[in-house]
Every structure is written in structure tokens, then in C-alpha cells.
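A.B. asks: Each chain, letter by letter, is given below.
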Amino acid sequence: MSDILANRADPIDLQSHPELQPPDWFDEEAYLRANPDVAESLANGEFRSAYHHFTLHGRDEYRPLRPRLEPSDTGPPGTEPQSAETAGAEASSAEPADLDILDAPPQTAPPRPEPPPTASPPTASPRNEPPPTAPRPAESPRDAEPPPPEWFDEDAYLIANPDVARSLANGEFRSPFHHFTLHGREERRPLRPRPKETLVERPQLPEPPPAAAPTTAAPTTAAATEAPAPKPKPKVPSALEAIILSPSGGLFLVGWVNDLASPLEWIEVAGSGWVQTLRESNMTRLRRTDVEAALGAGRIHRYGFFAFACFPEPFDSGGNCEVLVHLSNGDELEFELSPRRVSDIELRNIVLTYVPGAEVFGNREVEANAMLRGVLKDTIVRHNRAITHDIVKGAYVERFGPRPRNLKGSMVVCLYGKPQYLFLQSALFAGGPGFEDYETIYVSNSPEMAEQLLKDAHTGAIVYGLPQTLVLLPGNAGFGAANNVAVAHASSDRILIVNPDVFPRDADWARKHTQIVADCPEAQTQLFGAPLYYDDGSLMHGGMYFEYDKCVSLDEAQIGSHRLVRVEHYGKGAPAFSNRYTRTRPVPAITGAFMSASRAWYEKLGGFTEDFVFGHYEDADLCLKSLSAGVAPWIHDLRLWHMEGKGSTRLAVHEGGSHVNRALFSERWADFIDNGLQGPDPSHPLLQDPRESDVDAPARAPASSSRGHARA
Amino acid sequence: MKVLLISLFHPELVRGGAQQICYELFQGLKEQPGIEPFLLASIDESLPALYKSGARITGFDGRDREFLFLSRDYDYWWHRSSSAQLLEAYAEFLREIEPDVVHFHHFMTLGVDLITLTRKVLPTARIVFTFHEFLAICAADGHMVRKHDGSLCTHASAVRCHQCFPKLPPEQFFIRERWIKKHLEAVDVFTTPSRFMLKTFNDWGIDPKRIFHVGNAQQNRGTSAALAAPRSSSNRFGFFGQMVDAKGVHILLRAVENLWAQGFTDFVVEINGDNLRYASESCRKEIEDFREREAAKPYAARNVLFNGSYEVDRLASRMARID
Numbered sequence: 001m002s003d004i005l006a007n008r009a010d011p012i013d014l015q016s017h018p019e020l021q022p023p024d025w026f027d028e029e030a031y032l033r034a035n036p037d038v039a040e041s042l043a044n045g046e047f048r049s050a051y052h053h054f055t056l057h058g059r060d061e062y063r064p065l066r067p068r069l070e071p072s073d074t075g076p077p078g079t080e081p082q083s084a085e086t087a088g089a090e091a092s093s094a095e096p097a098d099l100d101i102l103d104a105p106p107q108t109a110p111p112r113p114e115p116p117p118t119a120s121p122p123t124a125s126p127r128n129e130p131p132p133t134a135p136r137p138a139e140s141p142r143d144a145e146p147p148p149p150e151w152f153d154e155d156a157y158l159i160a161n162p163d164v165a166r167s168l169a170n171g172e173f174r175s176p177f178h179h180f181t182l183h184g185r186e187e188r189r190p191l192r193p194r195p196k197e198t199l200v201e202r203p204q205l206p207e208p209p210p211a212a213a214p215t216t217a218a219p220t221t222a223a224a225t226e227a228p229a230p231k232p233k234p235k236v237p238s239a240l241e242a243i244i245l246s247p248s249g250g251l252f253l254v255g256w257v258n259d260l261a262s263p264l265e266w267i268e269v270a271g272s273g274w275v276q277t278l279r280e281s282n283m284t285r286l287r288r289t290d291v292e293a294a295l296g297a298g299r300i301h302r303y304g305f306f307a308f309a310c311f312p313e314p315f316d317s318g319g320n321c322e323v324l325v326h327l328s329n330g331d332e333l334e335f336e337l338s339p340r341r342v343s344d345i346e347l348r349n350i351v352l353t354y355v356p357g358a359e360v361f362g363n364r365e366v367e368a369n370a371m372l373r374g375v376l377k378d379t380i381v382r383h384n385r386a387i388t389h390d391i392v393k394g395a396y397v398e399r400f401g402p403r404p405r406n407l408k409g410s411m412v413v414c415l416y417g418k419p420q421y422l423f424l425q426s427a428l429f430a431g432g433p434g435f436e437d438y439e440t441i442y443v444s445n446s447p448e449m450a451e452q453l454l455k456d457a458h459t460g461a462i463v464y465g466l467p468q469t470l471v472l473l474p475g476n477a478g479f480g481a482a483n484n485v486a487v488a489h490a491s492s493d494r495i496l497i498v499n500p501d502v503f504p505r506d507a508d509w510a511r512k513h514t515q516i517v518a519d520c521p522e523a524q525t526q527l528f529g530a531p532l533y534y535d536d537g538s539l540m541h542g543g544m545y546f547e548y549d550k551c552v553s554l555d556e557a558q559i560g561s562h563r564l565v566r567v568e569h570y571g572k573g574a575p576a577f578s579n580r581y582t583r584t585r586p587v588p589a590i591t592g593a594f595m596s597a598s599r600a601w602y603e604k605l606g607g608f609t610e611d612f613v614f615g616h617y618e619d620a621d622l623c624l625k626s627l628s629a630g631v632a633p634w635i636h637d638l639r640l641w642h643m644e645g646k647g648s649t650r651l652a653v654h655e656g657g658s659h660v661n662r663a664l665f666s667e668r669w670a671d672f673i674d675n676g677l678q679g680p681d682p683s684h685p686l687l688q689d690p691r692e693s694d695v696d697a698p699a700r701a702p703a704s705s706s707r708g709h710a711r712a
Numbered sequence: 001m002k003v004l005l006i007s008l009f010h011p012e013l014v015r016g017g018a019q020q021i022c023y024e025l026f027q028g029l030k031e032q033p034g035i036e037p038f039l040l041a042s043i044d045e046s047l048p049a050l051y052k053s054g055a056r057i058t059g060f061d062g063r064d065r066e067f068l069f070l071s072r073d074y075d076y077w078w079h080r081s082s083s084a085q086l087l088e089a090y091a092e093f094l095r096e097i098e099p100d101v102v103h104f105h106h107f108m109t110l111g112v113d114l115i116t117l118t119r120k121v122l123p124t125a126r127i128v129f130t131f132h133e134f135l136a137i138c139a140a141d142g143h144m145v146r147k148h149d150g151s152l153c154t155h156a157s158a159v160r161c162h163q164c165f166p167k168l169p170p171e172q173f174f175i176r177e178r179w180i181k182k183h184l185e186a187v188d189v190f191t192t193p194s195r196f197m198l199k200t201f202n203d204w205g206i207d208p209k210r211i212f213h214v215g216n217a218q219q220n221r222g223t224s225a226a227l228a229a230p231r232s233s234s235n236r237f238g239f240f241g242q243m244v245d246a247k248g249v250h251i252l253l254r255a256v257e258n259l260w261a262q263g264f265t266d267f268v269v270e271i272n273g274d275n276l277r278y279a280s281e282s283c284r285k286e287i288e289d290f291r292e293r294e295a296a297k298p299y300a301a302r303n304v305l306f307n308g309s310y311e312v313d314r315l316a317s318r319m320a321r322i323d
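So the sequence lines, in the order shown, correspond to chains U and D. Quick note on this note's numbering: the first sequence kicks off at 1 and runs consecutively. Quick note on this note's numbering: the second sequence kicks off at 1 and runs consecutively.
Be aware that a few hints might be false.
[As the list claims (entries may be wrong)] Stretch-level coverage of chain U by chain D, calculated; a stretch enters the list once three of its residues show a Cβ under 8 Å from a Cβ in chain D:
{"no.": "1", "stretch": "413 to 425"}
{"no.": "2", "stretch": "444 to 458"}
[As the list claims (entries may be wrong)] Chain U is faced by these chain D residues, among others (derived, beta-carbon under 7 Å):
{"no.": "3", "residue": "SER82"}
{"no.": "4", "residue": "ALA84"}
{"no.": "5", "residue": "LEU87"}
{"no.": "6", "residue": "ASP113"}
{"no.": "7", "residue": "THR116"}
{"no.": "8", "residue": "ARG119"}
{"no.": "9", "residue": "ALA158"}
{"no.": "10", "residue": "LEU168"}
{"no.": "11", "residue": "PHE174"}
{"no.": "12", "residue": "ARG178"}
{"no.": "13", "residue": "TRP179"}
{"no.": "14", "residue": "ASP313"}
Note that these hints are calculated values from the structure, not bench results. Remember, it's a predicted structure, so these values are computed and weren't measured experimentally. All C-beta atoms, glycine included, are put in the ideal place defined by N, C-alpha and C.
Required output: the full structure, derived from the provided sequences and hints.
C.D. replies: Written as C-alpha cells, this is what we have:
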């Protein structure tokens, strides 16, 4: 038949070609009213009849069979709408209205199909939102439910519109056809899932950038190789490069879009039985030099985007994902991807590696911090806390050596990546005067070290006879949480937080420490630190103070100003003979490489804050918590070595954690630091040494400082 | 008085100077009235047949008062074993023997922390340590030869040691020094076989009041082999020692090749020694390739003869053939 219809010719004799006879349900006049261009083409002789056009093009192009209805004209489901345009048209429950259909159904009333299975509750999705004109309430007397016509495939309708399935499960509609008659018709909802093949005479779309616009982040590259070919070409140059899902409800996606003309507004991700919507607040925009080059873009614009969201409940049920990128002008870009499924920990690590590696327009650290403001940082922190919570629940504890009584202190050491520090510290601390009154508690954030640590703790007990506790965690819970877990197993009232790369410089440091705790006023010993020295003999730490870095980030519309807190060490690199920074005095903060605290005070402060990711800033945070509670940290003259930075392994993911932590710390404490805590000579009343009436005391001098992170 | 001598390897199993000196001291002490010596010699996994299942310290070949320390889980950087059972066995061995003097001739394959454990188990015993090389100071096999340019090293420091091991930070050597010195604190008396070594260890920080020069004592085996009559040409050269990198056998072979290149073949070099398996891979390959090429020649055409290892009492006769 197609060869007959395809040829433009004189009007054909329909009697001779019954197959060209339009069926009863096809109203040629209504079709032509609904498609004026077809009427014009028909008048030009391009088609033999309206039905001729419908069979060649109209069916595939979802052309309406009748003019669009007004909402007020929508009568009871199954009845013909009462618009003026359709007045007089036959109304029949078996007759299709002006809707997109693929095939005309026969005129028989089908039995009512079974309702679909209960779908998951609807999420916040624009598709669940009512259309601009308010729908009628579902319980209206006019909404008596008719049986759906035979041509209406309820299952296909629900597959094509998963949000309708959820609404149905919620009781918002009586049936799929009920939704269709109330909203689906006006919203031009598909009756069936869209066909995969490209339609005939589709408008030509702009070519996407050549060479599949290379990505810059490792996870997108890996995921991009897994993704199937995208669906019909979007009208706007764009790409969705990766979707990564985690079991607890984590979602991370990466892509780019040329939304210069019409900004990206929201993204909807749908899987089997679920839809998640990512609003602008979930998304982070970033630079993509590969896209800039492909598009020949000359202006500053963040074509790239990524989104990281953690939904309260698990939602993934397997299978591919369909993604709709919605632009402000109403354009919708469709993609279908096979998501990469990873653990919650791996998802966190992917995000933390992606952020510092992202391309930016300005200073990388500043822009990374700008990215982390607000929702993204909070999401990472929340996701990480859930991971930490699970890890600490799985702690394994074993004790070695004797259990002495009347301990003067519990030395807590957090290990990560380098097991040798357990036996090195055991050897170098053992036998020191006074250390026989101390226990050691090693907590490991590296499960792969567990066996070696157990061996070394056992041999250490044999050789040195120290009371030692080993806490093994099944993952990296971070510095704060790991130390908190370890402290819970301490047997004394005095907690010493010590880095694994700290060793005694004063052989009798333990005896001195015990003496200080016993003899000094309580205010000076609730929380105190010590001078620490590099292996080259110079001073590494004589206390810490706070400075600000004022930074600017580049936005398209403006230059944003930010303030980041920087932690500095007093006397970093100073000669060993200098006592300016080693004398006993109150200080704004002390390093977590060596902290001595009353256990009661430590617990009152809530221990280390567990919001920080991996490590960095927990020590300064604890000190500021102490200051805000009325107790200043002090420095007392106990001298130890600190092989700064050599005690643990640092990976790329930790860089991302440091960015998060600095942003978090700055957000929480910048205003508090404003009140007399900034700089090496802070004016805060708690930091004025009550003993400083000694005329021989050296005048305070500016401390040496360095830019960037300064953490022990 | 009971004296426990602790040796790196047993000379019967692995030839070497330190173990030979230790063993001869053991044999000499046997002859001294009032002295009851014991020997504890380490072995490593290169002698698997001597490891008995579940045992950590065993006897040796039916020999009276000679024992083997079956080293395992040994860390060759930090010089310690992580086998708790081995340490427990050693502590029990000490309690069983109850030596009055424990004389260490090495810590490699044993563990430097064995010294601290010895002090803990025997608080009143005298602990003696003899340095046979500079392993306590130098992580480069104890030779104090700089790895990056082959020059002699005059003194150790965190940065200088880092220069020999660029991949390791200076802090690593800072800690290593403290780790080893911590355990050496348990030693009552140190000895060195040369005055040069004495000065080097003094400079390193060993208390001069606690370290003495004591030359290596060996049994006088006399010269039972008659010396050959002097010859008109002195062209018979000999090497006696371990065939490892530091002894320079491969340098000697390169010298031979230089002579061949000049057309000179009227000489003989006799290589006497063993332990090629402890040479570095490149050095071992060089020696083995040379040996293979030389062995392919008719015997009369060979200039270099590999005589294998030797017992100490055969040394004189072998040396008698050398000019």
C-alpha cells in the first residue's frame, strides 16, 4: 500500500483501493482542522487525502486527530469533550479523542484491564505537579470511572509515565485512563514508551561537539565507556557522561550542556520504578575546557555540571536510567545511560577526588571551596557521617600486656597506612622515666594492616611489656571518629592524643607530663599541647593561631568574595634554642599531633567533631570548642619530635577531604574567630597569660607563617 | 660462667667472616676452664630443610651446645621479626640456659630488639655486642660506601643517608638511628675488631667508655703447607672471600678482561670463596656469565680458576699457591 500512497498522483479511486479507505474513527475534517499545514499540503496536491497524510506521516509524528481541547470542556472520562470545535462530533467511549496514538483501535469496548502493581511513592517531580490549570478533584461526581477503551493500553501508559504509576498507588487517580482523561490528554502524555528508531522527517538537530567531548575526571571516563549510545539527538549540544549510584541512596552524575541561551533548571533521573529530581541547589557548575574548545566558546561559562545527592531511602532497583535535562525555555534533553553502581564509600571517594580535580576559571583551591559552599558540602558531610557511623560500629578490640592500676595517662594513637609506627613508638617510648604509668591505645583506620598490627602488638608486649590496646576498624572512619572510639577504651582520666610520627625528645617527658598535670592549675591542664621539633632540630610547633585568606571566585555575573580560615603554627622552623614559642602560655589552638586533655573535659566537649572528612581541622575545632566553653588551650614545655606528614598515607581523595574540611571549619568558626582570636597576638581575654608580669619574659614577636594549609 | 654467643649464620652452613670469628671464639671458650659456652646461630629461609615444623630454636646436627635460631617474618629494613612465637621461644631459651654473658655478634636475621628482650629476661646478665661492620649506622648493607657515587662515607646523617636512598625521606633515617640506638642502650660493652671502626662508632654516638678495640682472634693453624719456592715471575693471583658485591670479585674479572684485550694471557687468577647467592642480581649475573665463558675453554687455556669455598684449615694450602 505504501507504494501507492507514496506516489503523488491524481485523486485515486477509493473504490478500487479499499485499503485507502479511512476507517470510521478517522475524521478527516477534524484532522485537517487540527493540522492546518496538512490541509495546505493537501490543497497543494502533495497528498491524496488527509488519511493519506496520516498513514505516511501523521501516525509517526503523533499528529492530533482533532483540535486540542480546552480543560473546561473535558467531560466525564470516556465522553467526548464539549469544545466548540468539536461540537457535533460523535462521542463514544470507544472513540479516540484528539490525542497522540500510534495505531487506531477497533471500535469495541474492551473489558476493564487489571490495575498496575503498586508503584513506589512519588518523589518531588515536576511531572507530579499539576498543570497550570487546576485539575478537578478526583472525588468529583463527574469522575465516575468508565471502562477504558480498547485502544488504551494501561500498562503501556504507565510504563511511559512512571509518575502516574506512583500517583495511582497513592490513590490520586482511579485508573491510568482516569489520569489520562484528567491530565494526560492536555499534557500530551505518550500512550506508549517512545520508539527507539528515529522518526521520519524529524527536524535536524545541531551536531554535538566532535570526538565525544573528552572528560577530565576519572569516574566519568570510566562510566562513559559503559554508557550506551544516547537517544535521539538533543537540540542543544550536551552530554550526560556518567551516573553513579550507591546502595544507600547516593546519586552522582556528570555532564555538560551548552545552556548559554537557556539555563539548566533541573534534571530528572528515572529508573525502574523510581524518579529522582535534582534541583539547581543539588548541582554544581564547572568549567570544561574540552567543551569550550569544541564549541569554539569565547566567553566565560561553566558548561560542565555535576550533581551529588543523597536521598533518604534506597531507591535503585537495577537497570538503566533515563535522564531528562530541563532547560529554562522548556527544552528537554533526553538521555539513557547504564549507571555505574558502587559502594557508598567508593561514591564518596569519587566525589572527593572529582572536586579538587575539576577545572576552574580562577584559583583552584578558592574555586573548590566555592563549589563546596552550601548543599554539596553538607551532602558530602552527611554521606560521610553515615559511612563513619557504620565503620565505628564494627570496631574490634584486643588488649595486650599487663593491666596496671593507677594509670597516669592513656596515649591514643590513630594509625593510617603505616603499621610500623606501632612498634617504633613502643620501642622509643618504652623505658622512659614515668612512662610505666601510661597505657597506649592504637586505633587503626586501615583494615589491611590488622594482621600486622596484631602481630606487632603481641611482640611488643613480649619485648617491652607495655599495657597496650589495639582497636581495629573495618574501614577509614577518619581521625575524629577513630580517636573518639579509642578514647572510649581508655582506662585513665587523662587522654593524650598523639600522632604516630611523634617520639620523645626529652627522655623524661612522661614524668614531666605527670608533674605538670599534678602541679599546674586546672585551667592550664584541661587541654594542653607541647613544643614539637622536626628531625633537623628546628621547631615545628609552638602552638597554633588563626589567620584569614580573602579570596575571590569567578562567577559569570560577578566576582564572589570569600573568607577562608587558615591555621598557622607559632615558630615553625625556628631554631631549637629559641624559647619564645616554647614557654608555657595559653594559645588559640594546639596541634592534634600531641594533645593532653582531662578526659572529663574531652568528653564534655563531645570529643572530636566527626563531621570532618578523613582528617584535618579536628584539632583546631576541638580547641575552639574549648575556648567557646571557657577554657583556653595551653602550651607546656615538654619536648617531642614530630616527623610531620610522615605518619600516614595521603591519597588524592584526602585532598578533596581537606577542601571540604576547610570550607566546613571556616563556615563554623570564622565569626567566632573574629572576636579577638585572629592573628599571632590575639586579644581574647582567655588568651592573656595571668602570669605575664615577669619583666624578663620576652616580648611577643610576630610568628613565622606560611600560606596554605598548616596542620600538624 | 655461662656464655651465650649469638651469631649471624653458622659457618658450617654459610661461610662468612663474622660467623667464623664467633665460632672460633666459641671453640676457644670451650677450652677455657670455668667457661661453659653456648652458640645460637641464625639461619634463614635459604635453608628450608633445617626448619622443623612448629619449632623456633633447635639443636644443630647433634653438636653439643650448638643451636639454630630459625628466623622468620624478618623485616630487613627495621631488623626485627614480627613472630611473637619466635620471641617467646628465644625468651624461654634464655631462661633455660641462664647465661651470665650474652655476646651478640650481629643482629641481622635475629632482630635488634632481641637485645632489649635479653635485658628484660636477664636483668643482671652482661650483654656484649661486637660490631663486625657498620650495619647499625649504615642502611646501605653496612658498608658506608655512598650508593650514588661509590665514595667512602665519612659519617651518617639523616640527609646524607637520604641521598643514598632518594626515595626515602630523611625522617626515615632519623627514626632508624633512634630505633637501633634505643636497643643498643641495653648493651654493657661494645667491641670492634679495628681501631678505625672504633672511631667511627664513637663519632656515631656510642659512649667511648663502653666500646673497646678487640682484634679478631682466630685459632693458630700454623702453616702446615710448605710455601712454594720463589718463582721468577709473580703472576699467580688469588681471591679469598665471599663472592658478593662489596668484595669486588666482579672488578677482578673485569681486570682480567682488560688484560686479555691487551693480548696478555700469562697469568692465573684463583677465585676461592662462596655465597654468590648473596650478591646482587647484576653482580651475580656478571660473575656467572664470566664463569660460563671461561669454563667453555679447554682447561689449559683458562686464566681464571673457580676453586669454590674452603674450610679455614685449608686456607694456608690454598694461599701457598699464590704469589
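A.B. asks: Decide, hint by hint, whether the structure agrees.
C.D. replies: Hints, one by one, checked against the model:
1. Restraint check on the stretch 413 to 425 of chain U versus chain D: 3 residues with Cβ-Cβ distances below 8 Å, three needed, restraint holds.
2. Coverage of the stretch 444 to 458 of chain U by chain D holds. Counting CB-CB distances below 8 Å, 4 residues qualify, and the rule asks for three or more.
3. The closest approach between the C-beta of D:SER82 and any C-beta of chain U is roughly 4 Å, which is under the 7 Å cut-off, so the hint is satisfied.
4. At its closest, the beta carbon of D:ALA84 sits 4 Å from a beta carbon of chain U; the interface hint therefore holds under the 7 Å criterion.
5. A distance limit of 7 Å between C-beta atoms decides the matter here; for D:LEU87 the minimum to chain U is near 5 Å, and the interface restraint holds.
6. For D:ASP113, the suggested interface contact is upheld, since its CB lies about 5 Å from the closest CB of chain U, less than 7 Å.
7. About 6 Å separates the beta-carbon of D:THR116 from the nearest beta-carbon of chain U, less than 7 Å, and the hint is met.
8. Checking D:ARG119 against chain U: minimum C-beta separation of about 10 Å lies over 7 Å; hint violated.
9. Against a cut-off of 7 Å between C-beta atoms, the interface hint on D:ALA158 holds, since the closest Cβ of chain U lies about 6 Å away.
10. Of the supplied interface hints, the one on D:LEU168 is violated, with its beta-carbon coming no nearer than about 10 Å to a beta-carbon of chain U, more than 7 Å.
11. For D:PHE174, the interface hint holds, the least distance from its beta-carbon to any beta-carbon of chain U being 4 Å, beneath 7 Å.
12. For the restraint placing D:ARG178 at the interface with chain U, the shortest Cβ-Cβ distance is roughly 6 Å, inside the 7 Å limit, so the hint holds.
13. The beta carbon of D:TRP179 comes within 6 Å of a beta carbon in chain U, closer than 7 Å, and the hint placing it at the interface holds.
14. The restraint placing D:ASP313 at the interface with chain U is violated, with a minimum CB-CB distance near 40 Å, outside the 7 Å limit.
The earlier numbered hints that this structure contradicts are 8, 10, 14.
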